[in-house]
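For the sequence shown, the residue numbers in this note's numbering are 39 to 352.
By construction, these hints were calculated from the structure, which means they are not laboratory data. One thing to keep in mind: the hints can contain errors.
[As the list claims (entries may be wrong)] Calculated cross-link-like contacts (lysine-lysine; reagent style DSS-like; alpha-carbon spacing at most 27 angstroms):
no. : residue 1 : residue 2
1   : Lys305    : Lys332
2   : Lys280    : Lys268
3   : Lys332    : Lys268
4   : Lys305    : Lys64
5   : Lys305    : Lys118
6   : Lys132    : Lys264
7   : Lys332    : Lys264
8   : Lys118    : Lys64
9   : Lys223    : Lys264
10  : Lys268    : Lys64
11  : Lys268    : Lys305
12  : Lys223    : Lys268
13  : Lys264    : Lys280
14  : Lys223    : Lys305
Small disclaimer: the values here were computed from a predicted structure and weren't measured.
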Amino acid sequence: MSNSMTYRIYTVMEVDNLRDEQMGSKPKFWFLDPESQNLWLFKYARQHTGEDWAEKIASELAALLGLPRARVELATCTQKRGTISLDFTDKKRKGYLSHGNELLFEIDDTYPQHQQYRVSQHTVANITQILSLDFVAPSVVEFFPNSACDAKGVFLGYLLLDALIGNTDRHHENWGLLVRSEGGKRIAELAPTFDHASSLGRELTDERISTYLSCSKDRNVPNVEKYADKGASAVYLRAGGKPLTPLEAFRAFSSHTGNAKAVWLDKLAQISDDIMQDVVERVPTSILGSDRRKFIGRFLRYNRRRLLDTGMYS
39 MSNSMTYRIY TVMEVDNLRD EQMGSKPKFW FLDPESQNLW LFKYARQHTG EDWAEKIASE
99 LAALLGLPRA RVELATCTQK RGTISLDFTD KKRKGYLSHG NELLFEIDDT YPQHQQYRVS
159 QHTVANITQI LSLDFVAPSV VEFFPNSACD AKGVFLGYLL LDALIGNTDR HHENWGLLVR
219 SEGGKRIAEL APTFDHASSL GRELTDERIS TYLSCSKDRN VPNVEKYADK GASAVYLRAG
279 GKPLTPLEAF RAFSSHTGNA KAVWLDKLAQ ISDDIMQDVV ERVPTSILGS DRRKFIGRFL
339 RYNRRRLLDT GMYS
């Protein structure tokens with residue numbers, strides 16, 4: 039184990055429930071922290087999944103990358119595992135969250151905004167079109183030139199995170215814009231990245247983890263690297279096609295973002311394998327076992343190397 043402090047597990051009471059959240063497939067509810075008066079979303083982790091630790095690790099890695107991201111903490115409610123996520127909307131200052139499917143329907147009334155899965159119209163070109171609209175303002179990213187980056191450049195950072203953690207769930211409800219009215223004009227900025235539970239092999243059984251770890255990367259059998267290679271994102275190159283892998287989505291989108299690819303890869307290069315492993319090691323042992331820690335570490339190292347290799351062929 040790392041010498042770093044383990045992540046705290048917060049306790050949420052059912053009586054704190056202000057209202058259920060209807061968006062998404064998992065049960066969740068909003069509650070108000072009585073001390074800070076901040077609004078948080080409690081999300082139950084489905085049984086026999088690692089949705090809670092996957093969300094937490096992804097959020098911490100996003101912070102290391104300097105990405106605008108939803109703050110996530112581990113939590114329990116009625117002894118059931120889950121996470122809490124701090125509300126990042128502010129209707130007076132930041133505006134309301136408009137999801138990708140709503141925005142895409144605005145520019146194309148044939149877009150299947152209510153379709154849940156395999157939406158092949160959720161393409162790189164269509165996402166780029168939304169993020170290039172005149173009312174979408176740049177985001178502040180401190181290490182970018184002039185501390186500003188347009189929405190496409192920031193979204194590329196989200197796709198880099200997806201490729202690093204193997205996120206297979208960047209569908210059209212898992213990104214959006216914070217939209218507000220200012221001086222009678224519509225203004226928006228890219229919302230922080232959120233909902234990363236479908237990542238890091240969180241769905242794998244203990245038996246499968248053990249099999250992957252025991253197999254050499256040089257053998258023609260299932261192993262960590264082959265598992266990482268086969269993941270599919272929810273982003274497409276063209277309507278009617280197959281979904282891109284998270285790494286392919288990052289590569290395809292980077293052609294629309296100027297020098298943002300180089301900036302994000304440089305930021306990733308500054309995050310060593312040891313730093314990433316420390317993020318994993320801080321998850322309490324009651325939630326994450328030793329074999330799974332080894333798997334996640336190897337998975338992240340492999341994906342980091344593949345991402346950095348893309349910079350060699352720009």
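A quick look at each hint next to the structure:
Using a Cα cut-off of 27 angstroms, the hinted pair lysine 305 and lysine 332 holds, with the two alpha carbons roughly 24 angstroms apart. A threshold of 27 angstroms between alpha carbons decides the hint, and for lysine 280 with lysine 268 the separation of about 13 angstroms falls inside it, so the pair holds. Under the criterion of a C-alpha separation no larger than 27 angstroms, the hint pairing lysine 332 with lysine 268 is consistent with the structure, at around 19 angstroms. Simply put, lysine 305 and lysine 64 have alpha-carbon atoms about 33 angstroms apart, too far for the 27 angstroms limit, and the pair is violated.
For a cut-off of 27 angstroms, the pair hint linking lysine 305 to lysine 118 is broken: about 36 angstroms separates their Cα positions. As the CA atoms of lysine 132 and lysine 264 are separated by approximately 41 angstroms, the hinted pair breaks the 27 angstroms bound. Under the criterion of a C-alpha separation no larger than 27 angstroms, the hint pairing lysine 332 with lysine 264 is consistent with the structure, at around 16 angstroms. With a C-alpha separation of about 13 angstroms, the suggested pair lysine 118 and lysine 64 falls inside the 27 angstroms cut-off, and the hint holds.
Between lysine 223 and lysine 264 the alpha-carbon distance is near 49 angstroms, which puts this suggested pair outside the 27 angstroms criterion. A distance of roughly 25 angstroms separates the Cα atoms of lysine 268 and lysine 64; the hinted pair therefore holds under the 27 angstroms criterion. Between lysine 268 and lysine 305 the CA atoms are separated by roughly 25 angstroms; this keeps the pair inside 27 angstroms, and the hint holds. Under the criterion of a C-alpha separation no larger than 27 angstroms, the hint pairing lysine 223 with lysine 268 is inconsistent with the structure, at around 44 angstroms.
Distance restraint check for lysine 264 and lysine 280: the Cα-Cα separation of roughly 19 angstroms lies within the 27 angstroms cut-off, and the hinted pair is therefore satisfied. For the given pair, lysine 223 sits about 35 angstroms from lysine 305 by alpha-carbon distance, which is inconsistent with the 27 angstroms threshold.
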